[in-house]
Amino acid sequence: MIIQCKQVNKFFGDLHVLKGIDLEIKKGEFFVLLGPSGCGKSTLLYMMAGFDKPTSGSVEVLGQSDIKPSKKVGFVFQDFALFPWKTVLGNVTAGLLDKSKTERRDIAMHFIEKVGLTGFEHSFPHTLSGGMKQRVSIARALAYEPEILLMDEPFGALDAQTRKKMQQELIRILREMNKTIVFVTHSVLEAVYLADRVAVLSNRPSSIVYQVKIEIDGERHYTDEKYLHYRENILHYLNQFTGVKE
Amino acid sequence: MKKIVIVLVLIAITIGYAYYEQIAAGHIFAHLWASLSRIIIGYALSVAASFLTALALSFLPGIQKYVRVYLNFLISIPTIAWIPLLLIVTGITNRTMIIAIFLGSYFAIVFNLLDGFKTVDKNLVLLGRNLEYNQAQRLIRIMVPASLNTILVSLKLGISYSWRALIGAEMLGAATKGLGYLSFASRQFYDLKTMFTALVLIGLIGYFLIQLLTHFIEENTIRKWGFNDHTM
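The listed protein sequences correspond, in order, to chains B and L.
Heads up, the first sequence is in the numbering used here, so the first residue is 9 and it goes up one at a time.
Heads up, the second sequence is in the numbering used here, so the first residue is 51 and it goes up one at a time.
Treat the hints with care, since some could be wrong.
[Claimed, not checked] With a Cα cut of at most 16 Å, we get these calculated EDC-like pairs of lysine to aspartate or glutamate:
| # | chain 1 | residue 1 | chain 2 | residue 2 |
| --- | --- | --- | --- | --- |
| 1 | B | Lys35 | B | Glu68 |
| 2 | B | Lys79 | B | Glu153 |
| 3 | B | Lys35 | B | Glu177 |
| 4 | B | Lys79 | B | Glu155 |
| 5 | B | Lys80 | B | Glu153 |
| 6 | B | Lys122 | B | Asp60 |
| 7 | B | Lys187 | B | Glu153 |
| 8 | L | Lys172 | B | Glu223 |
| 9 | B | Lys27 | B | Glu37 |
| 10 | B | Lys76 | L | Glu182 |
| 11 | B | Lys76 | B | Asp87 |
| 12 | B | Lys107 | L | Glu182 |
| 13 | L | Lys172 | B | Asp87 |
| 14 | B | Lys79 | L | Asp171 |
| 15 | B | Lys80 | B | Glu155 |
| 16 | L | Lys274 | L | Glu182 |
| 17 | B | Lys80 | L | Glu182 |
| 18 | L | Lys243 | L | Glu71 |
[Said to hold, decoys possible] Cβ pair distances, simulated, as ranges:
| # | chain 1 | residue 1 | chain 2 | residue 2 | range |
| --- | --- | --- | --- | --- | --- |
| 19 | L | Phe79 | B | Gly127 | 50 to 60 Å |
| 20 | L | Lys52 | B | Thr126 | 51 to 61 Å |
| 21 | B | Ser195 | L | Arg179 | 21 to 31 Å |
| 22 | B | Ser131 | L | Gln114 | 36 to 46 Å |
The hints are simulated quantities; they were obtained by calculation from the structure and are not laboratory data.
Quick reminder that beta carbons are idealized off the backbone N, C-alpha and C, glycines included.
Next comes chain B alone, as it looks inside the complex (with noise of 0.2 Å):
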């Protein structure tokens, strides 16, 4: 297992937020973390990373339960958290202050072209859009190499057109490199489009009331049956635990 989370409980002050969260990914594996929003699931992202601690419990990552930040996990933020002041290139080269000047440039290079952004090295952050943006802080967290990458909803800023344009490219990326992803969202066609797991999280304070492995041969798409079987199924124990009517 490269991530194990036991009993993990946490509390802001009073507010109980993660209760009893028990999960177990597998090395490769798509993870969806899905869920309503101010669940938490944010929160289990963010101590996967190391920014935060479970108040009791543990998180295991890589082996390591005292979790302090590192380049072994990559991080994808929703509002992307790029440096405005530096370019593309400057962006994608942020995580590899270690290497040679040529070589960082070169590594930066090749995963600019491989997120489509080849042209745009050296434009400023602002004079992109949102999904160009999400393409570069990709890149960026695949820059360094990482062994597991978080994505905290990374697409939830685009629009509709966008963010499906992403989720397959991102599909298309990550089968060629095979890294550990766990990835947050609250939309579940997104989750049923990328995941090879689900887990539901309910309402504050969140346990994961589901669990399921989604098993499509080939390409998936929205219309499909298997698809929409998965999705319902999803609906089905997210409308339970958040109290939303279909």
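Since the structure of chain B is already known, use the hints to place chain L on it.
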């Protein structure tokens, strides 16, 4: 750029007028330079010291809380109020005025810098940890550029505070030369021409200093980075 040129032309015209009218017995430039050289030294010292203070305090969040109390007290004392004390301690010297200039902007810049660091996007701070940046890298690569907007505001405020402090000090008798001194001394002779010339020069020089300080920095940094369209 246009503004700077216009202000320079206006300054030149005013100086030309002063020479033509034999204001300050033709020594207007000596007065101007006296003020200008003081502010350059005093302000440079203040900026250097306030940056060092703010950086040190940003490394020591535990101490910052307590230091802030003193800073709040000290910032509440108008610089003018220090001058009688300075006149006793350091007398009618350039030192008095440089200290006044220093006090005029030091606390304001420290405060602004600290607040600037505090309002840096939290995700950028987290990113710095994720990328295994050490303290110095976080500071240079994240905190300072991310708060450059506030830093520039504090520099602008600082120089205008310092300029005020200097003119005030010159008027309160810490000097025998300078634009503030000139304006104040001319009241004894009911010399409105000199008074107004000094006044206009004080305003123009102050404006010029602010523009000079920030124009070039802004053009090459926050404008280029799109800090004003707040999408980052």
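Would the pair B/Lys79 and B/Glu155 pass a check requiring their Cα atoms to be no farther apart than 16 Å? 8 Å, holds
Are the Cα atoms of B/Lys80 and L/Glu182 separated by 16 Å or less? 10 Å, holds
Next pair to validate is B/Lys35 with B/Glu68; report whether the Cα-Cα distance is within 16 Å. Answer holds: B/Lys35 to B/Glu68 is near 13 Å, not above 16 Å.
Holds or violated: are the alpha carbons of B/Lys80 and B/Glu153 at most 16 Å from each other? Given pair B/Lys80, B/Glu153 holds - Cα atoms ~7 Å apart, limit 16 Å.
CA of L/Lys243 to CA of L/Glu71, is that 16 Å or under? Holds, at about 9 Å.
Given the hint of 50 to 60 Å, check if L/Phe79 and B/Gly127 actually sit that far apart at their C-beta atoms. At roughly 55 Å between Cβ atoms, B/Gly127 and L/Phe79 fall inside 50 to 60 Å, so the hint holds.
For B/Lys80 and B/Glu155, compute the direct alpha-carbon distance and say whether it is at most 16 Å. Satisfied, since the Cα-Cα distance of roughly 5 Å is no more than 16 Å.
So does B/Ser131 sit 36 to 46 Å from L/Gln114, Cβ to Cβ? 38 Å, holds
Would you mind confirming whether the straight-line C-alpha gap from B/Lys35 to B/Glu177 stays at or under 16 Å? The given pair, whose Cα atoms are some 21 Å apart, is violated under the 16 Å limit.
Agreement of B/Lys187 and B/Glu153 with the hint, judged by alpha carbon distance not exceeding 16 Å: Satisfied, since the Cα-Cα distance of roughly 9 Å is no more than 16 Å.
Assess, step by step, whether the Cα of L/Lys172 is no farther than 16 Å from the Cα of B/Asp87, and give holds or violated. 11 Å, holds
Please test the hint of 21 to 31 Å on the beta carbon pair from B/Ser195 and L/Arg179. Once the Cβ atoms are compared, 28 Å apart, the range 21 to 31 Å for L/Arg179 and B/Ser195 holds.
The structure fails to meet hints 3, 6, 8, 9, 11, 14, 16, 20 from the earlier list, while all remaining hints are met.
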